[in-house]
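Protein chains: 2
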Amino acid sequence: MNQTLELMLSHRSIRKFTDQLVDAHHLDSIIRAAQAASTSSFLQAYSIIDVKDQVVRTQLKKLCGDQEYVEKAPVFLVFCGDMHRIKTVCDATYESGWTEAFIIATVDAALAGQNAMLAAESLGLGGVYIGGIRNHPQEVSQRLKLPEEVYPLFGMCLGYPDQEPEIKQRLPKPIVYHVDYYSEMDEATLEAYDTKISDYYAKRTKGKIRDTWSESVNKKFSQEKREHMLKFLQDRGFIKK
Amino acid sequence: MNQTLELMLSHRSIRKFTDQLVDAHHLDSIIRAAQAASTSSFLQAYSIIDVKDQVVRTQLKKLCGDQEYVEKAPVFLVFCGDMHRIKTVCDATYESGWTEAFIIATVDAALAGQNAMLAAESLGLGGVYIGGIRNHPQEVSQRLKLPEEVYPLFGMCLGYPDQEPEIKQRLPKPIVYHVDYYSEMDEATLEAYDTKISDYYAKRTKGKIRDTWSESVNKKFSQEKREHMLKFLQDRGFIKK
Numbered sequence: 041m042n043q044t045l046e047l048m049l050s051h052r053s054i055r056k057f058t059d060q061l062v063d064a065h066h067l068d069s070i071i072r073a074a075q076a077a078s079t080s081s082f083l084q085a086y087s088i089i090d091v092k093d094q095v096v097r098t099q100l101k102k103l104c105g106d107q108e109y110v111e112k113a114p115v116f117l118v119f120c121g122d123m124h125r126i127k128t129v130c131d132a133t134y135e136s137g138w139t140e141a142f143i144i145a146t147v148d149a150a151l152a153g154q155n156a157m158l159a160a161e162s163l164g165l166g167g168v169y170i171g172g173i174r175n176h177p178q179e180v181s182q183r184l185k186l187p188e189e190v191y192p193l194f195g196m197c198l199g200y201p202d203q204e205p206e207i208k209q210r211l212p213k214p215i216v217y218h219v220d221y222y223s224e225m226d227e228a229t230l231e232a233y234d235t236k237i238s239d240y241y242a243k244r245t246k247g248k249i250r251d252t253w254s255e256s257v258n259k260k261f262s263q264e265k266r267e268h269m270l271k272f273l274q275d276r277g278f279i280k281k
Numbered sequence: 041m042n043q044t045l046e047l048m049l050s051h052r053s054i055r056k057f058t059d060q061l062v063d064a065h066h067l068d069s070i071i072r073a074a075q076a077a078s079t080s081s082f083l084q085a086y087s088i089i090d091v092k093d094q095v096v097r098t099q100l101k102k103l104c105g106d107q108e109y110v111e112k113a114p115v116f117l118v119f120c121g122d123m124h125r126i127k128t129v130c131d132a133t134y135e136s137g138w139t140e141a142f143i144i145a146t147v148d149a150a151l152a153g154q155n156a157m158l159a160a161e162s163l164g165l166g167g168v169y170i171g172g173i174r175n176h177p178q179e180v181s182q183r184l185k186l187p188e189e190v191y192p193l194f195g196m197c198l199g200y201p202d203q204e205p206e207i208k209q210r211l212p213k214p215i216v217y218h219v220d221y222y223s224e225m226d227e228a229t230l231e232a233y234d235t236k237i238s239d240y241y242a243k244r245t246k247g248k249i250r251d252t253w254s255e256s257v258n259k260k261f262s263q264e265k266r267e268h269m270l271k272f273l274q275d276r277g278f279i280k281k
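First to last, the sequence lines map onto chains A and B. According to the numbering used here, the stretch in the first sequence is residues 41 to 281, in order. According to the numbering used here, the stretch in the second sequence is residues 41 to 281, in order.
Honestly, the hints are just simulated from the structure, not real lab data. Just so you know, these numbers come straight off a predicted model, no measurement behind them. Hints may be right or wrong, so weigh each one.
Note that the list lumps identical chains together, so a pair holds whenever it fits in one copy or between two copies.
What the hints assert, rightly or not - Under the rule of at most 27 Å between Cα atoms (straight-line distance), these lysine-lysine pairs were calculated in the DSSO-like manner: (1) Lys185 to Lys213; (2) Lys213 to Lys112; (3) Lys260 to Lys213; (4) Lys280 to Lys259; (5) Lys248 to Lys265; (6) Lys56 to Lys101; (7) Lys259 to Lys281; (8) Lys56 to Lys243; (9) Lys213 to Lys92; (10) Lys271 to Lys281; (11) Lys102 to Lys281; (12) Lys259 to Lys102; (13) Lys260 to Lys281; (14) Lys208 to Lys246; (15) Lys281 to Lys265; (16) Lys265 to Lys280; (17) Lys246 to Lys260.
Isolated chain A, as found in the complex (with noise of 0.2 Å):
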């Protein structure tokens, strides 16, 4: 196995970093690395927004739902979808609000997103995407100064690990993946594998949560549903037909 795949294979997120700052080369590594991952078109329709301000931190961390490690981590990146620019240099010929450009945009930022991360993970940096970004994606967008159809999909935490904690099994590849047309998953491999995640979630929390996969899942799609994404979106310029 090369170095690359046993780097993505060993992945599990790290919330807590050492004090130890990261190297201005090793940032620039990692924004190249993100820079050079695929875009739809060439587009390149995704901005990076580096939040080294304390102040602007602190509020970041209240509005991404109290994660520590957002206020703390040594460094905290913002990936926005990005159609302003390209707006910008289309000039009156852009229609704004298509579905698909937004989906371009967003994945754009996803695909840089994953290089920084295992950009970071190559040079020793550990790290974890905050999703908690779209809490409050109207207040966050204010304080990144973001302009119309610019908008923050995810936060990134980076440093250098101060913590070990287990690899998460992923779900069975049979459930995932699936040969010529989709197939509906089986229950005793889903069964088994609920058992397997209850096991690990007993043994990392010393017994105080027992969740099967199944049950995490509907625990997170009763809390986080963030009702407000689709008129915050409408309102930066985005899914508006």
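Guided by the hints, dock chain B onto chain A, whose structure is given.
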């Protein structure tokens, strides 16, 4: 520089492949790498369809804008946003149609996709994303028997490269990367980049195409708005609120 960074920085899309088949254990590594990517709240809200059936491949080629590599690439994967599995697991409590769920599924599929692409490249393969899968998403969904709340986000052709395209230079870092808050791009920086890209196209097409980046972006947006996307996604159970 490490192997992973080198790999990312040398990425270019491959659209021409040798006849060499992709070994099953390599494909397995690619899928495992895809699954190892980060996933929002551990939802794993995506599915991968590996289209081997040559009849379906030929149909998909036509539906994806007649790109012959869709038919001929040794491997063709379709990455789908998948809330159907979550809905099944959540039983009666799941509420369909939240835009946030669409974002989660789209990002999860994209992160998995980028890991798959890098895993493939680390094994000596090359590939290209196929956004054209969204040209006729309803017909594609029928061919792949996708249930409601599953939608095709992009395809991916993989195989051993039979071409050696030049790396396409990305936007200058200051245009994409912002410190603390969003800043408008500098016109002179954009102009210099436009010239660079025009030279790149001229070289690649032996003078036939000389588009600047700004011109190529303009062309893309007059051609491919995929105006059907919102209705299609709503029919599938997404972005209804």
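In rising order, the numbers of the hints this structure does not comply with: Violated: none.
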